[in-house]
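A.B. asks: Take these sequences, add in the hints, and give me the full structure.
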Amino acid sequence: MTVEFVIKGGRVIDASGESFADVVVRDGEIVGVGPDLSAARTIDAAGCVVAPGLVDLHTHLREPGKEEAETVESGSRAAALGGYTAVLAMPNTTPAIDCASVVRDVQELGRRAACDVEVAGAITVGRAGEQLSPMGEMADLGVRIFTDDGTGVQDIRLMRRALEYAKGLGVTLAQHCEVSELSAGTCMHEGAVSSRLGMPGQPAEAEELMVMRDIALARMTGARMHFLHLSTAGSVAMVAGAKAAGLPVTCEAAPHHFTLTDECVESFDAVFKVHPPLRTAGDVDAVRAGLVSGSIDAIATDHAPHPAHEKERPFDEAPPGMLGLEYALALALTELGMDIADVLALLSWRPAAIAGIADTHGAIAVGRPANLCVIDPNHDWTIDGSGGASRSSNVPYVGRTVRGKVRHTIHRGAPTVLDYELQK
Amino acid sequence: MRHLLSIADLDRSDLESLLNLTDRFVEVSRRPIRNVPALRGRTVVSLFFEDSTRTRLSFETAAKRLGADVMTFSVGTSSVKKGESLRDTVETISAFGIDAIVVRHASSGVPSTIRRWTSAAILNGGDGWHQHPTQALLDSYTIRSHFGSLDGLRIAIVGDIKHSRVARSDVQAFTKLGAEVVLVAPPTLLPPSLEGWPVTVSHDLDAVVGTIDVCYLLRMQRERMVEALVPSLREYAQRFGLSPERADRLGERAIIMHPGPMNRGVEISPEAADRPNAVVTEQVANGVAVRQAALFRLLGTESQLESLEPKGTS
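One line per chain: the protein sequences are S and E, in this order.
Residues in the first sequence are numbered consecutively from 1043, following our numbering.
Residues in the second sequence are numbered consecutively from 1085, following our numbering.
The set of hints was computed from the structure by calculation and includes no laboratory data.
Take these hints with a grain of salt, some might be off.
To spell it out: a stretch of chain S is covered by chain E in this simulated footprint if at least three of its residues, at any positions, have a beta carbon under 8 Å from a beta carbon of chain E; those stretches are [as the list claims (entries may be wrong)]:
1. 1327 to 1336
2. 1355 to 1369
Heads up, incomplete: computed chain E residues facing chain S, CB under 7 Å, no partners named [to be verified]:
3. S1169
4. T1173
5. S1191
6. V1194
7. T1197
8. R1199
9. W1213
10. S1277
Computed list of lysine to aspartate or glutamate pairs in DMTMM-like fashion (alpha-carbon distance at most 25 Å, straight line) [to be verified]:
11. K1148/E - D1107/E
12. K1166/E - E1109/S
13. K1166/E - E1354/S
14. K1148/E - E1175/E
15. K1466/S - D1069/S
16. K1466/S - D1147/S
17. K1166/E - D1358/S
18. K1166/E - D1135/E
19. K1148/E - D1358/E
20. K1466/S - E1179/S
21. K1166/E - E1352/S
22. K1285/S - D1358/S
23. K1209/S - E1179/S
24. K1166/E - E1359/S
25. K1166/E - E1110/S
26. K1050/S - D1422/S
Values in this document were obtained by computation on a predicted structure and should not be read as measured data.
We treat Cβ as the ideally placed atom computed from N, Cα and C, and that holds for glycine.
C.D. replies: Structure, rendered in structure tokens:
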């Protein structure tokens, strides 16, 4: 049976430009973009922006191993509410996604999810930083990005070899930049606040030294490198410099690193504990400026669910991470002062290109899969602490009023969200 | 005052009012019968997740002298060892019906965090490197009892400031009460940032020792060697220890203080520790009265103050 609908009355925006147009979707595919189109069923988009579905480069779906915090299903539903049609599942699961069989398991779970679930593989076996994982067999299954996220690869020689090997496979390595010698035993940013609170802190240099090292290794090997969740002014400047020098590097920033500072830790509430840690107001300004200038390629959520009882532990013992999928777009629209088209570039087509899924995501054109989100840019709402569709509720933005909300999400032609409500 | 979590929450008049109340309990402690029924029927729990016999005994003695019932929750033999969460521990204890919890924990912020899970008043008995407010009160009281006031005094705090909740609390209390504080330590033992700290800094104890009214020495922990913060205890003692020669250079009226337990031969020479102007046991004695004042301020009522008046003096 043919399923057909038209998204009517919206402003269509993608990388090629914007126009007031209706979008007709039939059997999962975009079959018409233009004025005054009609179909059997109409999905209203009056006053809204019709955008390509968002793509998250950094999602912790926690499955396998930590299903009490999140599953592929629950995380993908949170993603759909946030306007996402694809997420990249990080490999720091238990067991780690470090071989073909675990990749297959997560891909299988992803087939039933509310968005595309791309899988990132680990660079090293068990993310232990000692031995290269079988990247080839994972690449054969479609894995395009590898990372030990949660930690960085500390061993310089191993990282060099990983980059060289990855180059042969045509895949990208992504680094969580954190030099463990400077970060071990710490739980927040090192600075005036940590000094006052008596908390062991990690300096900005713990991140920056690895950014510096990996830029040198990218130059040396010519391999593609993606820098995860940059949080310091120095990191943003170094990656911008590396790009200006023509190196094949990209980078992302997380919503909490352009909205929150280490002052939040004064509450001792572990909902504000995250790696890399919340930094200073100066760092937040630098991350914002990097997003505005384009030296940061993408906003990636680092959506990191944890059960409430884990986040109720003392600050230094609690696990790091915070939710992001349902809030990233609204925070970006509210906080960055950018045109919506530029925000969508950071959330959709640029991350789609980095993830290697630009053929299916990031554009609205006839013949492409219908991965879309419809945003009401004037919808004001207050973030509550329920965590929405996530199994967890570690939301650091509770009480914050934001502008802009996802009204509909269409994944492969099927509405996953209609009028703000989940459909599956 | 609902809780006593941090000196940062108190202003000068709060501090002075607590010190004045301490005077009353010091007076009571000199009587043949040291107990008063000011908190009779109240229950105080000491919840120490970190070993500290001195602070725990001091609080428990204070509570008992006020007539309160005291429950000791010893973590070593309890459900915590079986994996009970902080929240469950606090909610369980609270279910007994209690009025105050004195909490000590190795993690900064725990006294503040547990407020969510109990209606009891919280007294911070030391949290991580963050705060130890009753220590700051007893130190301030001890200094005040020697000099009449902290106004205009110059106080050196010497040693491992970085890892010290005592230093963080003392700096705030001493400066709020009008003293000038100089921190004396190698840069490795100072906090990474002193932004907003109303202090001066020196790396040279010899340059400071002749200029101060109070020489406050912090305990130097042996594990700091492992972290490469100082080359050796010997070098630390040579450069930052209070040797007899340095003690000789202290002013006529100057006093020597230490939160205990002392490492004789490291931060303080045995000879200096035994000088008459070393007031370490006075600090301990004042600790009980200060904690009585803190408990009374949180749990008592003004009318009960009368119970402190000596009886049968006619």
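A.B. asks: So, for every hint listed, does it hold in this structure?
C.D. replies: Here's how the hints hold up against the structure:
1. With 0 residues bearing a CB less than 8 Å from a CB of chain E, the segment 1327 to 1336 of chain S misses the requirement of three and the coverage assertion fails.
2. Under a criterion of three residues with beta carbons nearer than 8 Å to beta carbons of chain E, the stated coverage of the segment 1355 to 1369 of chain S is upheld, 5 such residues being counted.
3. For S1169/E, the shortest C-beta to C-beta distance to chain S is roughly 6 Å, which falls under 7 Å, so the interface hint holds.
4. The restraint placing T1173/E at the interface with chain S is violated, with a minimum CB-CB distance near 11 Å, outside the 7 Å limit.
5. Given hint, S1191/E at the interface with chain S, holds; its Cβ is 3 Å from that chain's nearest Cβ, closer than 7 Å.
6. At a threshold of 7 Å, the smallest CB-CB gap from V1194/E to chain S is about 5 Å, leaving the interface hint in force.
7. The beta carbon of T1197/E is positioned within 7 Å of a beta carbon in chain S (closest approach about 5 Å), and the interface hint is therefore held.
8. A cut of 7 Å between beta carbons decides the hint on R1199/E: the least distance to chain S is about 10 Å, and the hint is violated.
9. A distance limit of 7 Å between C-beta atoms decides the matter here; for W1213/E the minimum to chain S is near 3 Å, and the interface restraint holds.
10. Evaluation of the S1277/E hint against chain S yields a held restraint, the C-beta minimum of about 4 Å falling below 7 Å.
11. For the hint pairing K1148/E with D1107/E, the CA-to-CA distance comes to about 18 Å; that is within 25 Å, so the pair holds.
12. Using a Cα cut-off of 25 Å, the hinted pair K1166/E and E1109/S holds, with the two alpha carbons roughly 24 Å apart.
13. Simply put, K1166/E and E1354/S have alpha-carbon atoms about 17 Å apart, close enough for the 25 Å limit, and the pair holds.
14. A hinted pair counts as satisfied when its Cα atoms are at most 25 Å apart, and K1148/E with E1175/E qualifies at roughly 24 Å.
15. The hinted pair formed by K1466/S and D1069/S meets the criterion: a straight-line CA distance of about 18 Å does not exceed 25 Å.
16. A hinted pair counts as satisfied when its Cα atoms are at most 25 Å apart, and K1466/S with D1147/S qualifies at roughly 21 Å.
17. This hinted pair checks out: K1166/E and D1358/S have alpha carbons roughly 20 Å apart, not beyond 25 Å.
18. Simply put, K1166/E and D1135/E have alpha-carbon atoms about 18 Å apart, close enough for the 25 Å limit, and the pair holds.
19. For the hint pairing K1148/E with D1358/E, the CA-to-CA distance comes to about 31 Å; that exceeds 25 Å, so the pair is violated.
20. Restraint check for K1466/S and E1179/S: not satisfied, since their Cα atoms lie roughly 33 Å apart, outside the 25 Å limit.
21. Among the hinted pairs, K1166/E with E1352/S is consistent with the structure: their alpha-carbon atoms are about 16 Å apart, no more than 25 Å.
22. Distance restraint check for K1285/S and D1358/S: the Cα-Cα separation of roughly 36 Å exceeds the 25 Å cut-off, and the hinted pair is therefore not satisfied.
23. Taken as a hint, the K1209/S and E1179/S pair is honoured in the structure, with Cα atoms around 15 Å apart against an allowance of 25 Å.
24. About 17 Å separates the Cα atoms of K1166/E and E1359/S, which keeps this hinted pair within 25 Å; it holds.
25. Taking the CA atoms of K1166/E and E1110/S, the gap is near 21 Å; set against the 25 Å cutoff, the hint holds.
26. With a CA separation close to 22 Å, the supplied pair K1050/S and D1422/S stays within the 25 Å bound.
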